[in-house]
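Number of protein chains: 2
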Amino acid sequence: MSKGLETKENILKSALELTSKFGLESLSIGGLAKSVGMSKSGLFSHFKSKEALQVKVMDYAAFKFTSKVIKPAIKEERGIPRLEKMMELWIEWSENYMAGGCPFVSSFVEYDDRPGVVRDHIMHLQKTMIGSFERAIQIAIDEKQLKTSESVQYLAYKVYSNMLGYHIYSHLLSKEQARKNFTKQFREIIQT
Amino acid sequence: MSKGLETKENILKSALELTSKFGLESLSIGGLAKSVGMSKSGLFSHFKSKEALQVKVMDYAAFKFTSKVIKPAIKEERGIPRLEKMMELWIEWSENYMAGGCPFVSSFVEYDDRPGVVRDHIMHLQKTMIGSFERAIQIAIDEKQLKTSESVQYLAYKVYSNMLGYHIYSHLLSKEQARKNFTKQFREIIQT
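Chains A and B are the protein sequences, given in the same order.
For the first sequence, this note's numbering gives the first residue as 836, with consecutive numbering after it.
For the second sequence, this note's numbering gives the first residue as 836, with consecutive numbering after it.
Take these hints with a grain of salt, some might be off.
Copies of the same chain look alike in the list, so a pair counts if it fits in one copy or across any two.
[What the hints assert, rightly or not] The list that follows gives simulated cross-link-like pairs (lysine-lysine, DSSO-like), each with its CA atoms no further than 30 Å apart:
id, residue 1, residue 2
1, Lys856, Lys883
2, Lys910, Lys1010
3, Lys848, Lys1019
4, Lys1019, Lys982
5, Lys856, Lys982
Just so you know, these hints were derived from the structure itself, not from any lab.
Please take these sequences and the hints and turn them into a complete structure.
See the structure below:
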């Protein structure tokens, strides 16, 4: 990796940590400059505006999500095992890798009511993520591992609702109890 | 209502609107003073600190939630009809009454990883809300409207996960499609 790329990756890593902890709206070129020890003008040469920085950070989050959750899951056997692996790795991503919880959930809730480029981009990334679940479910149906009269869209909605439920309950109850609920409902959805 | 109380209610109403739109962290005594046309020192006489203001705003949200969702639902017949009414009124609350979506979901996601008085209070209010669902479910079981081998805690988790799923999907898909998913999953949970 060239020095330029390495620097940009490090900046985005810090920016994602700040986003995960304090939210996407709080992210500013000034604050980020302080956090990575660069000048504001130096950072402006990488990102031309706050909005551009926010979009790039979410792209970086999507890149990390793909490499931590989607790609390793795709190495699993097609269908249910792959979907199970996605769930397992998502929990790990949300809890261990992201100090402040899943940045997609946080930024979505933050921006769902603020029209503009940043919101549109977050919506696009959410749809892409849900698309990954839908594909894994479709494969499970094609492979005859999952017999259902439901639409793939609806099953993905149930899978994602369960993930959101876990996200909240893991902070309200013990992580173990939240995990029990999560696993139980997931098993019901995929009927195993 | 005395003038003092009326003023405080109006201030909290504005504060809750700001919170719902821009998040709890963005709420400041200075910003709120501008929005309600009062002096900063005038507002300081009502709320001694930003944290105190944040706690009071969440209490006000809980008060509105109780009067818009819980109290009217309790007028319904015990059990399933009451739970159904809660769901219907929650959607209305989240969509029509709160311009920026449910303030409990937003503030929870914002504060889940920031230890302190504000987070503790948000957690407490979430538990109270979930407690209302648990009680309605327990009554449905007692009234023999709901036959289940599941725990009330787990059923409330499913009900709440479904609400969270709706919260996200209503921004991603059409509200009608999100509502279809929501209703379908709710019917599965309560087996009707």
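Hints, verified against the model:
1. Lys856 <-> Lys883: Classified as both; 23 Å inside a copy, 26 Å across copies.
2. Lys910 <-> Lys1010: Within one copy only: 27 Å inside, 36 Å across.
3. Lys848 <-> Lys1019: Cα proximity of lysine 848 and lysine 1019: none, with 34 Å in one copy and 40 Å across.
4. Lys1019 <-> Lys982: For lysine 1019 and lysine 982, the Cα distance is within 30 Å both inside one copy (18 Å) and across copies (18 Å).
5. Lys856 <-> Lys982: For lysine 856 and lysine 982, neither the intra-copy (41 Å) nor the inter-copy (42 Å) Cα distance is at most 30 Å.
Comparing the model with each earlier hint shows violations of hints 3, 5; every other hint is respected.
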